[in-house]
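Enquirer: Since the structure of chain A is provided, determine the placement of chain B on it from the hints.
Heads up: the protein sequence lines correspond to chains A and B, in order. Taking the numbering used here, the leading residue of the first sequence gets 345, the next gets one more, and so forth. Taking the numbering used here, the leading residue of the second sequence gets 117, the next gets one more, and so forth.
It is possible that some hints are incorrect.
Quick list of in silico lysine-lysine cross-link-like pairs, DSS-like style, CA-CA up to 25 angstroms [what the hints assert, rightly or not]:
hint	chain 1	residue 1	chain 2	residue 2
1	A	K405	B	K134
2	A	K759	A	K1086
3	B	K202	B	K134
4	B	K192	B	K134
5	B	K192	B	K202
6	A	K405	B	K192
Simulated coverage check for chain B against chain A, where a stretch passes if three residues somewhere in it have a Cβ under 8 angstroms from a Cβ of chain A [as the list claims (entries may be wrong)]:
hint	region
7	139 to 145
8	156 to 167
9	184 to 194
Everything labelled a hint here was simulated from the structure, so no lab data went into it. Idealized CB from N, CA, C, for every residue including glycine.
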Amino acid sequence: MKSLRMLAAGMFRRSRMERDMAEELAAHMEHRADDLVRAGCSPAEASRRARLEFGGVEGYKESCREARGLAWFDELRGNLRYTVRSLRASPGYVLAAGLSLAIGIGANLCSFVSVNSIMLHPFPFAHLDRIMLLGERNDRVGAERNPVAQANFFDWKENNRSFEILSAFRNWDALLTGTGEPERVRGAHVSADFFAALGMAPALGRVFAERECQPGSDTVAVVSQAFQKSHVISLGQTISLDGRPHTVIGVMPEEFDFPLANEVWTPLPFSPESKARRNIADLAVIGRLRAGVPVERARAEMAALASTLARRYPQTNEGRGVSVQPLGEINDISNRFVLIMWCASGFVLLLACANIGNLQLARFTARQKEMGLRAALGAGRFRLVRQLLTESLVISAAGGLVGLYLGWVQLGVMKASIPTEVLRWVAGLRHLEIDAMVLVFGFGISIAAGIVCSLPSIYQLLRRRNGDGLNETLKEAGRGAVSSRAGNRARTVLVAGEVALALVLLVGAGLMIRTFERMMAVNAGIDPKGVLTLEVTPSPSAYRDGTQMAQFYQRVLTEMDTLSGVQAAAASGAVGASKWEIEGREAPLPSEPRPDALAISPRYFQAMRIPMVEGRSIAEQDGPEATRVVVLSETLARHYWRNSSALGQRVRLGGASSPWLTVAGVCGDVRDWFGGEPQPVAYVSFRQDPPTAVRFALRTVRDPLQSAGAARMAIRRVDANQAIYNVKSMEQVLAEETSGVKSSATVMSIDAAIALLLALMGSYSVASFFVAQRRQEIGVRVALGASPRSILRMVLTQTARTSAIGLAVGLLVAVALSAIMSRTLFHAVAVEPLTFVALTAMLGASALLAAYVPALRAARVDPAITLRGE
Amino acid sequence: MPNQAELLPGTLDMLILKAVSLGPQHGYGILLRIGQISGDTLTIEQGALYPALYRLERQDLLDTEWGVSENNRRAKFYRLTPAGVKRLKEETRSWNRTASAVATALSARPQEA
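Bound-form chain A, shown alone (with noise of 0.2 angstroms):
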């Protein structure tokens, strides 16, 4: 208490405490002055020798203020002052280290902030932690987060001990009407404790209580708020959703769509016929773990609860077990991109540290007669250990205010350039903002800047003995540069430190960047250049079977057939495939390819411009009464056949009670975009398999998207109640599936351009400082008959050798982080020894050039001036 009140005195009146102090230590002096000249001594002796007793009266008053507690204040605000002062003197400095670590702040900042909301807050929920995603395992084919069958759904419901709740729900595409033009909503059916799950409760009215999950009852709906804005709907209101009349009685507030951009909720009824139901697995499903269960007991409850199931039901459960994954964890692919990002970001800034740290070296070195000189006045080394911090501190303060200004502009760049459909499809990526914990993490990482900017010069003051003081230090100022061998040391390691940084980073880049081009340029099967695509969902109430589904989409396509500028109009959907077995053979093995079915219509092949490798395509002929034909994609016809020809097997797609398909044609690959994989395809026909939802593609003309109308009006025509949507250029489609990556490489690509720069900036301040060190030695060199070439050469030298240290290190480096990278990115990331040694040899010519300019004034030096100076 009393040093808070001293604290306090002395921050309001330091000045009185000083006078204090002062008069106190002089009256000291007083008093032994009269003694003396009691003994003796004339008054002027007397107090002269009272004052040498006494001893060095401003060291000891800085050991009094010490004492006091008030040291740090006062020192605070000295420092604050005199670094003020001194920064004011070399602005150059000032600007080139504000700037570079606002600029490495700045991306860290725009980098946290998707750590921020897409790693560690991808959804709005209290308790994300205890909230987990169940599904059935596969363990036979290591397939994880199944559907699961209801019957199941309900004994992990009742004999689990681990979740407070679980609960189901199965997403729905709902076909609103009655509300302007049919529309396509994102609907999930939900059983009655869903929002209790996942810990939300209405904004506006509430949500369903558990009679409402029966069938007959569930026709209420909740709503988002985003869904009860654009549509007008207050409570109690009727919408139609798929034909039947739903009461809305509910809002959800504002940051709730679970699952993704989830628009309306309806109850998921439950049947007593389907809550048998163990061979039909149709549900999602969600937990809330009870407080204090760890993730693993529920894994090892749920895995026990599994095989008593699978002894019980070894029909349908064996080989079924259970995954629990925390939700917070579902954004596994965006975390890795986002956790590579911040990685990058993170060399950026501490490259620039090291920059920074070289330039403080630099002025350290020029400073150190004054540091000298302020040792010599008492300043204890700490103390100045402190000044220098407090130099560091205050730019990267600046630096980080700066960068913050700069990180808010990044972001708003890095937002605008999310296609708004991958903003469904990634949790958290909607809610990209700065919010307070960014700014603690920036505030953090500023402080942390300045500390280690500052960590070279601390280094070379705590180096020096402490019996130094100031005849040493002032003789070695004296002497100029040779002081400091340690120096050229340090520097020598931060720029090698600086050129490997610059050259992961490099690397990092040219691999995203080769990655990317892959991707747009892979083989990708199909040509995507002038095809529109639109997706229909034909609402289950208008259309009762397969046959009717089929019957709608033939007149679309004759329809679209008519329009003007479309080469060719085709359908596609999917169909379930649960298993693949081929007529005479052996089940196939776990390891080997399965296809997935895609029922099309027959000019899909030539709307996509997918290639026949052999046989037939899918044709009008093969309608429902025909025999049933099948056409497969080339890399599985030929893994399982390999030096025959797979036309005329027969293949099987379902259980015993599916038809077997005679294979017609084996046609192209369509790889996958991210990996370039050729996908395993089995094509049949859309008349004999009819898809519940189909995607038209329509081979046009002209630019596809001017179609879109003509191509909606033709849907429309056959049926105007159906709801179109996606309807986008394939290329469109593309640029949302590579996003990820191009947004990836277009980061990682400035934030490699930043670090060449001051990897660069970094060879040319120390070859500069090397030449202005051993200015007279040249002169000595050139005086002795050195030519200026060979002094250039010795200038050259020195960089390339430091060049080399780093570009080996960084090179190491690069291979070893290139390997993890590729590994986390499901070797996606083209790893190529040519963009390793492209950028190496850049890298290294780069820094020689950046060291040229200094090297040549080195050649230039006279003899005669700079020996005369000395």
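Expert: Showing chain B alone in chain A's frame:
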């Protein structure tokens, strides 16, 4: 000054507290008093006294007040606070224990080892 003993580290605070415990005193007076009560064996560098005084004041062991000295000069007087009294007692006890232990140790003869 062959007769003067080195001041052990940590003993200065104790000596100051002791000197002040004999009555409020200003800095110079404390210095003289320490010399006096130690039979002129222990002397303290004059300036070094003040940081110690400020430290003790900050620890709430000493209280200060400006007054007039016997020489009729304005001076800052130090006095023990209750906490200072307590601390002096503790320090004295622990010093005596240590000192007697060391003395015993130093007087040990070979056969006792």
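Enquirer: Now tell me, hint by hint, if it's right for this structure.
Expert: Here is how each hint holds up against the structure:
1. K405/A / K134/B: holds (24 angstroms)
2. K759/A / K1086/A: Holds, because 13 angstroms separates the two Cα atoms, which is no more than 25 angstroms.
3. K202/B / K134/B: holds (11 angstroms)
4. K192/B / K134/B: With Cα atoms ~18 angstroms apart, K192/B and K134/B stay inside 25 angstroms; holds.
5. K192/B / K202/B: holds (23 angstroms)
6. K405/A / K192/B: It holds: about 16 angstroms lies between the C-alpha atoms, which stays within 25 angstroms.
7. 139 to 145: Since three or more residues must qualify, the claim that chain A covers the region 139 to 145 of chain B holds, with 4 doing so at under 8 angstroms.
8. 156 to 167: holds (count 6)
9. 184 to 194: holds (count 6)
Checked against the numbered hints given earlier, this structure breaks none of them.
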